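J.: Based on these hints, arrange chain B on the given structure of chain A.
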Amino acid sequence: MSLLAELTALTAHHRARCAAYDRILTALGAGGEFESVADLPWLPVRLFKTHELKSIPDEEVFKVLTSSGTTGAPSRIFLDRAAAAAQTQHLAATLQTVLGPRRLPMLMVDTAGVVQDRRTFSARGAGVLGMANFGRKHVYVLDEHDEPDVEAVRGFLARHGDEPFLIFGFTFMVWRYLYRMAREHGFDLSNGILLHSGGWKKLADQAVDNATFRRAFAADTGLRRIHNYYGMVEQIGTVFVEGAAGDGLYCPDFADVIIRDPVTFAEQPVGVPGVIEVVSTLPRSYPGHVLLTEDLGVCHGVDDGERPGKRFSVLGRLPKAEVRGCSDTFGAPAA
Amino acid sequence: MRQLFPVETGEVGAVVEVTALLDEVRSAPALAVGDERVVDFLGRFARALLAPAVARAYPELASLGFFLRRGGIRRALARLADDELRLPRGLVFHVPPANVDTIFVYSWALSALAGNRNIVRLSPRAAGAADAVLDAMRAALPGVPGVPGDPVRASQRIVTYDRDDAVTAALSAAADLRVLWGGDASVRALRRFELAPHARDLTFPDRSSFAIISADGWARASQAERRAAVEGFRNDVFWFDQAACASPRGVYWVGGSHAGEFRAMLAEVAADPEPAMAVQNRVGAYGAAADGRAARIAFDSPALTTLEAPDVIRDWLGAGVLTQSSVSTLDELVPKVVRRDQTITHFGFSRAELIAFARQLSGVDRLVPFGSALKFAPVWDGYHLLAEFTRIVTVTV
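Those sequence lines, one after another, are chains A and B. Position 277 of the first sequence, counting from 1, maps to 299 under my numbering, and the rest follow consecutively. Position 239 of the second sequence, counting from 1, maps to 223 under my numbering, and the rest follow consecutively.
The shape of chain B in the complex, shown without the other chains:
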């Protein structure tokens, strides 16, 4: 495998053997939960992500940048304060999905903050934003390349290798916690590699998400509020080509519909797709109609295809293919929600309405306003990540 982080000057992607890697990482100086040296490093990393050039090219990284600033980290650490003694879990092996370039940073950064030694396996297919993240991480490293003694450099590794069962088996066997992102098939495939008896998996399997809009709330909103909502929704949909687990696949209008106005506003702010995606969108939309899952297809703009459907279609159909459905009340929506549903983006509801709704649901881990679907939070898929990345030690006298 090749090591992508840290790297010595001019040596991006040096070849490293798995046993040597594990020896080095295991012998790194220990870190504490919330270790100041890690906090400093993450702060510098956050500034690099928020640099104008990076933020322009990869707006989705800005959300991570904001979180990793000192204030965000302090708040996240404060959530652990009431607990008893918190210690790092040890060695954490992360396997992020190949095609979300940046998702690995979220779990890795929190795991590092928890004081763990981390090995992240990036797919050789990762590119683009992943390179921007690696550059920012390299720029944030303290100390001098090649000089031992810096615990961040010594304990945090990002590597890449093509499918290699021996390497995956060795890294799995050495891990105290394994973090598996990606689809159900990835999670199943990786679970074939044994963990140590005491270790366990933290999995992020296939999920799906949708949006809800209150017709009353929409009617009450000013033109500026509506425009802001539509722009936020546009980002939720298009930043990851609608394929992120948190990207809405469709909209439910509750208690009436202003879908016409909403669709027209959205069509105005959505950028034209790449040709390959334009074709994919037709394949997805026509396929849904062929299956009888969409009664009507409308092409609102080259970027936006609307499917009239009684229910959200949870498959990925292409970027900008959105179902529009209607229910008269949130209660009517309750039985349509399934366990794999992850994020509901909402507009026009009160907190009390949303809480009453959420209490009835058998799925769904987050309800967030339009524009926040892809915003990283230290609680994800129902897990309090910092808590997952630490172990609780009780000391009784």
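Isolated chain A (complex conformation):
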């Protein structure tokens, strides 16, 4: 089945099972047929913060994922057993395209503490825990006091540095801790495969962009196999991974992105930045298959890179709406 046909069927699936979703589509006058993926009705991702949207009965809820949002309420994403399994499988399939089939020794650029309390399932914890499955013999770069653990990394490289190994972490932590440590101690990371995510915002004030990041790692540590990826808890299991050359993020075959004009929401042509809509056939337990994110991105080209499909980049967050109305001064923290 084509992506459009699958998504059309999924739209009907959610309308039949999620009354709130059906009310939205009815209010929009949406029918059941769509000419292209871009014509599918989308939900703003923030709706998962304000509303409980699920397409499964309460008794089938197996896992509730929450976003780590620093402001306002977290998103709540409801998975049943099947959805949780599908999410793990699809993530594995996507990552295997860059990691290969074998589970490699893995360096985690985080502290083991971030995954210890599994009840507080933060996005960072969930990300680290999810990724840990793709490696073995994990070594954490930070100790229990969040201090860089040079000896642990030195030991890991002594044991595994001569064969391919996996490195995972959030972009700013990889830069702040691993890059600095490797440069300072002359660590050789040339057999590493780095997967990193989380955006460039915290590095922007240090004038570190993707090109600088890749250049510095290659020059100072020998690390060249670097894959940025983009994903979110609201579409868990779907990740958009950067090609080896760093020429953009690619969609897995069960997903797509649409870049939209931030005011009219019409689809933007190649090269014109806009708001990122993420599309995936994975969400079956909640109506999150077509989501308008609050991230800005740009499509660089279609079927013209090292892999088929759209090549795109994430440019940062859409600024928040500043409201000037008569609301709270001393009350709840600003949302």
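Please note: incorrect hints may appear among the correct ones.
As the list claims (entries may be wrong) - Computed beta-carbon distance windows for the label pairs:
1) B:203 - A:54: 52 to 62 angstroms
2) A:341 - B:294: 29 to 39 angstroms
3) B:119 - A:227: 24 to 34 angstroms
4) B:11 - A:74: 53 to 63 angstroms
5) A:268 - B:279: 30 to 40 angstroms
6) A:155 - B:176: 43 to 53 angstroms
7) B:176 - A:223: 32 to 42 angstroms
8) B:322 - A:118: 34 to 44 angstroms
9) A:54 - B:50: 52 to 62 angstroms
Said to hold, decoys possible - Going by beta-carbon spacing under 10 angstroms, a handful of chain B positions derived as facing chain A:
10) 260
11) 262
12) 269
13) 276
14) 281
15) 284
16) 291
17) 292
18) 302
The hints are simulated quantities; they were obtained by calculation from the structure and are not laboratory data. Quantities reported herein were computed from a predicted structural model and do not represent experimental measurements. Think of the CB as a built atom: it goes at the ideal place given N, C-alpha and C, for glycine as much as any other residue.
T.: Same frame as chain A, now just chain B:
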């Protein structure tokens, strides 16, 4: 905390301690109700607000500027004339909301006119129009910076500080009247700070507003009248991103509907939103539909989202998200009105119809024509502000 008004030359935002501030303000020379020196100062301030550059950048300040001109002030003072002896209340502590940059000026100006010593706490988040207001106030100050003796300079203070319970407690304890703007949560949070036994609060909590249009009145109106109404309505909605308590959140058509024409005219004159607001509008509109409160969503333009709904939705859903509802008569609307409703903007009704309607309502403090929702009036939320800012002294011989 930092003092924003008055300021010495080149010293914007000097740090000041709360005890020193209170000592200084308490020892300022007394002012009378309607004190000429304050009237002069407010007149100069009004002219600064009405200067073309300010009026262009912040059209909502013009309404305040007009009010504070000598004529407006005289009329407001005249409302007190029949009363017995009126004296200032003393020290008034004002806490305006963080995100309406200019609302503090209304209550402060009237309180100053009533001869009070005033301390206004601005949020550090205030910016933009608040800066324009402060510049205008500074420009209007008489006398020479640093030279004592001017009672306006000595008795009127605008300060800013981040949440600081000790400072808020000290200012509350010293106040004879505390003016709390903002949402219900702010009012509740601030009431935890005790006032002196004789003092009290004047509160402006969460409110909501809507518009009514008479289908007959619309049909009778000329094309030019309709256009003027739509432009006024546009200002009511968009000057504060529809988030001011007086901004209409929806329209009730009474006795028929010309909603199609009205929406098309409004879409023509509404400016495109900022991207973040465009997304907010979808979140708000879709959320209302998910809740079953809106049966139909239509995107009339990037700026304007229409929700077909049986009732106005009182939550803020974003700038330019408006419900359209219908009732056959004003009487049918009466039970839909609640206590928190503040302003009804109206078009096409007679004064007699509106008065008969208002007498039946359990909420609503103002009924004003399209284009006047955000126009400041010395009677606000049902309070005669100058009366609230003064005390009545009876002298019997």
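J.: Hint by hint, say whether it matches the structure.
T.: So, going through the hints one by one against the coordinates:
With their beta carbons about 40 angstroms apart, residue 203 (chain B) and residue 54 (chain A) fall outside the hinted range of 52 to 62 angstroms. Against the hinted window of 29 to 39 angstroms, the Cβ-Cβ separation of residue 341 (chain A) and residue 294 (chain B) comes to about 35 angstroms, which satisfies the hint. Between residue 119 (chain B) and residue 227 (chain A) the C-beta distance comes to about 31 angstroms, which sits within the given range of 24 to 34 angstroms. At roughly 58 angstroms, the beta-carbon separation of residue 11 (chain B) and residue 74 (chain A) lies within the given 53 to 63 angstroms, and the hint holds.
Between residue 268 (chain A) and residue 279 (chain B) the beta carbon distance is about 49 angstroms. The supplied range of 30 to 40 angstroms is therefore violated. Checked against the given bound of 43 to 53 angstroms, the beta carbons of residue 155 (chain A) and residue 176 (chain B), roughly 49 angstroms apart, stay inside it. About 37 angstroms separates the C-beta atoms of residue 176 (chain B) and residue 223 (chain A), a value consistent with the hinted range of 32 to 42 angstroms. A C-beta distance of roughly 58 angstroms is found between residue 322 (chain B) and residue 118 (chain A), which places it outside the suggested range of 34 to 44 angstroms.
In this structure, residue 54 (chain A) and residue 50 (chain B) meet the distance hint of 52 to 62 angstroms, their C-beta atoms being roughly 56 angstroms apart. For residue 260 (chain B), the shortest C-beta to C-beta distance to chain A is roughly 4 angstroms, which falls under 10 angstroms, so the interface hint holds. At about 5 angstroms, the closest approach between the beta carbon of residue 262 (chain B) and any beta carbon in chain A falls short of 10 angstroms, and the interface hint on this residue holds. The interface hint given for residue 269 (chain B) is met, as the beta carbon of that residue sits about 8 angstroms from the closest beta carbon of chain A, less than 10 angstroms.
For residue 276 (chain B), the interface hint holds, since its Cβ comes within 10 angstroms of a Cβ in chain A; the closest pair sits about 6 angstroms apart. Taken as an interface hint, residue 281 (chain B) checks out: its beta carbon lies about 5 angstroms from the nearest beta carbon of chain A, inside 10 angstroms. For residue 284 (chain B), the shortest C-beta to C-beta distance to chain A is roughly 12 angstroms, which exceeds 10 angstroms, and the interface hint is violated. Below 10 angstroms, beta-carbon pairs count as interface contacts, and residue 291 (chain B) has one with chain A at about 8 angstroms; its hint therefore holds.
Against a cut-off of 10 angstroms between C-beta atoms, the interface hint on residue 292 (chain B) holds, since the closest Cβ of chain A lies about 8 angstroms away. Because the closest C-beta pair between residue 302 (chain B) and chain A is about 7 angstroms apart, less than 10 angstroms, the hint holds.
In the structure shown, a violation is registered for the earlier hints numbered 1, 5, 8, 15, in ascending order.
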